[in-house]
Amino acid sequence: MIEMINVYKKYPNGIVAANGIDVKIEQGDFVYVVGPSGAGKTTFIKMMYREERPTSGDILINGINLATLKNSKVPLLRRQIGVVFQDFKLLPRLSVYENVAFALEVIEETPKVIRQKVMDVLELVGLKGKARMFPTELSGGEQQRVSIARSIVNRPKLVIADEPTGNLDPETSWEIMNIFKEINARGTTIIMATHNREIVNTIRHRVIAVEGGLITRDEYGGEYGYEG
Amino acid sequence: MKGRTLARHFRESLKSISRNGWMTFASVSAVTVTLLLVGVFVMIMMNLNKVADDLEKDVEIKVYVELTADEAAITKLEQDIKDTTGIEEVTYSPKGEELSKLVVDFGEDLRLFEQQNPLHDVFYAKATNPQETEKVAAKLDRLDNTFEVKYGEGKIEKLFSFLNTGRNVGLVLILALLFTAMFLISNTIRITIVARRRDIEIMKLVGATNWFIRIPFILEGMWLGILGAIIPITLVTVLYSNIYKLLEPKLESGNLFKLLEFSPFIYQVNALILLMGVLIGIWGSFMSVRKFLRV
Ligand SMILES: Nc1ncnc2c1ncn2[C@@H]1O[C@H](COP(=O)(O)OP(=O)(O)OP(=O)(O)O)[C@@H](O)[C@H]1O
Ligand SMILES: [Mg+2]
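In the order they appear, the protein sequences are chains A and B. Note that UniProt numbering numbers the first sequence so that position 154 is 154, with each residue one more than the last. Note that UniProt numbering numbers the second sequence so that position 113 is 113, with each residue one more than the last.
What the hints contain is simulated information worked out from the structure, not anything from laboratory work. It cannot be assumed that every hint is accurate.
Claimed, not checked - Result set (DSBU-like, lysine-lysine): computed pairs, CA atoms no more than 30 Å apart in a straight line:
hint	chain 1	residue 1	chain 2	residue 2
1	A	K89	B	K158
2	B	K204	A	K157
3	A	K112	B	K15
4	B	K15	A	K130
5	A	K70	B	K101
6	A	K117	B	K291
7	A	K73	B	K2
8	A	K130	A	K24
9	B	K95	A	K130
10	B	K291	A	K89
11	A	K112	B	K291
12	A	K70	B	K82
13	B	K250	A	K70
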């Protein structure tokens, strides 16, 4: 369902962050993307929801070629992908409920369906009681759970997360992983960039290692494989 | 776009107005100040223009008939004057009547002349377009049996050039004011939107189309315009009604010119203020949000 073919990305400042990436990810896979800082993990991920465009090569998601996708169609692509950001990217003036509902308002769901789905997903991430609070009133872990709730409320087939536990303490990180585990169990593909060796080594999944813009290792049930 | 989405955008714009506290306040203040200036200015300009119109309408061309002209010639001359293009309202005043006017102005002594009236019969005419008085007067002068044509030459030209300059200056000032208003308001709105630049980026990342993001901002601009129009409309209305009450009785007696009637004039000014507020608000939001929507 996701395929990258000879993807190359050079930033305007001359840095090459993807140097010929070839990879295939099947529906339902759980993939860790690991590698040292500056290896190109975030770039790899950003290209999947067209925050960045590849300089050359093709990226196919559910048969859509992102390299040739028109700008006006990008919103349609993003509605099919749930993205969890390291810095959460919540709308500060909207409540927890409204932040999650936003993803459904965008696809013009009925208010009734929106209420039902938002409450269901807030229950899943354990934030039902904080629906009326604002992001600034929440802890980092809670904000991250709102961000996850927003990314999955629309039941996308693919969820992408860039260091979702990067800002969280170990205990909260495990809670977050449990949510991902549950989503993955429903058949959702999960791609997660992470520096968390403990998680990668404990909950074993496919590991893709990126270094210098290249995939240097790709194994199912692999280890984190870096120091620190 | 579905109806419920439009309803959502309306709700969202209202929420944003109330949640953005001081930013809303700043924008509304900017709109208020500029609309107030525009309103007062338009009020003054429209009335000055009315005064100018009244003064112009007062300009008369006086056609003195040759003393030798007989009745048939006078009838023909009247027809000729009426047939001249650019002329309206021709009235005839025979020399007897002319003398009576002088008696009224200068005293009974003049009645001595009633036996041997030295005055001319006169036609009073008005140019359809007062600004063309000079041209029309020259045409009348060429007709048969006219002794002299007078319209206050010299004075009239000065009055007209004064009024025209006044009108042009007024127009330029209004345009300059409007331009400043647009600039000031769109700048204030831009500042409030720059503060929400990150929100716009996030919305895009979550799959919102440009229009989905834009419409609530545009509606918000509209509310800002409407809120900003409230004080100017109230003040301008109160101000004009007081000025009207104060000045109108005095002008009534002078009878040279009058102020514009309170209704419908003040409603037109109010509608203009509201319309401008709304347009400027919408335009300001649209322009400001446009910059941040580029992918
Ligand atoms: N917007 C950008 N403009 C220019 N260069 C960039 C940009 N984003 C990333 N880079 C560069 O591309 C390279 C890869 O960056 P990327 O963010 O993909 O690394 P990463 O693997 O996610 O690192 P980290 O683990 O620290 O998050 C780095 O050298 C970085 O400096
Ligand atoms: Mg990164």
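Hint check results:
The hinted pair formed by K89 of chain A and K158 of chain B fails the criterion: a straight-line CA distance of about 69 Å is larger than 30 Å. Annotation: proposed proximity of K204 of chain B to K157 of chain A holds, straight-line Cα distance about 19 Å (limit 30 Å). In summary, the hint linking K112 of chain A to K15 of chain B is supported, as the alpha carbons are separated by about 20 Å, within the 30 Å threshold. Proximity of K15 of chain B to K130 of chain A is assessed by CA-CA distance (about 20 Å); at most 30 Å being required, the pair is judged to hold.
Between K70 of chain A and K101 of chain B, the direct Cα distance comes to roughly 86 Å. Violation of the 30 Å bound is thereby established for this hinted pair. For the suggested pair K117 of chain A and K291 of chain B, the alpha carbons sit about 34 Å apart, so the restraint of at most 30 Å is broken. With a CA separation close to 19 Å, the supplied pair K73 of chain A and K2 of chain B stays within the 30 Å bound. For the proposed pair K130 of chain A and K24 of chain A, the alpha carbon gap of about 39 Å is over 30 Å, so the pair is violated.
Distance hint between K95 of chain B and K130 of chain A is unfulfilled; the C-alpha atoms sit about 98 Å from each other, more than 30 Å. This hinted pair checks out: K291 of chain B and K89 of chain A have alpha carbons roughly 20 Å apart, not beyond 30 Å. For a cut-off of 30 Å, the pair hint linking K112 of chain A to K291 of chain B is broken: about 35 Å separates their Cα positions. Taken as a hint, the K70 of chain A and K82 of chain B pair is broken in the structure, with Cα atoms around 72 Å apart against an allowance of 30 Å.
In summary, the hint linking K250 of chain B to K70 of chain A is not supported, as the alpha carbons are separated by about 70 Å, beyond the 30 Å threshold.
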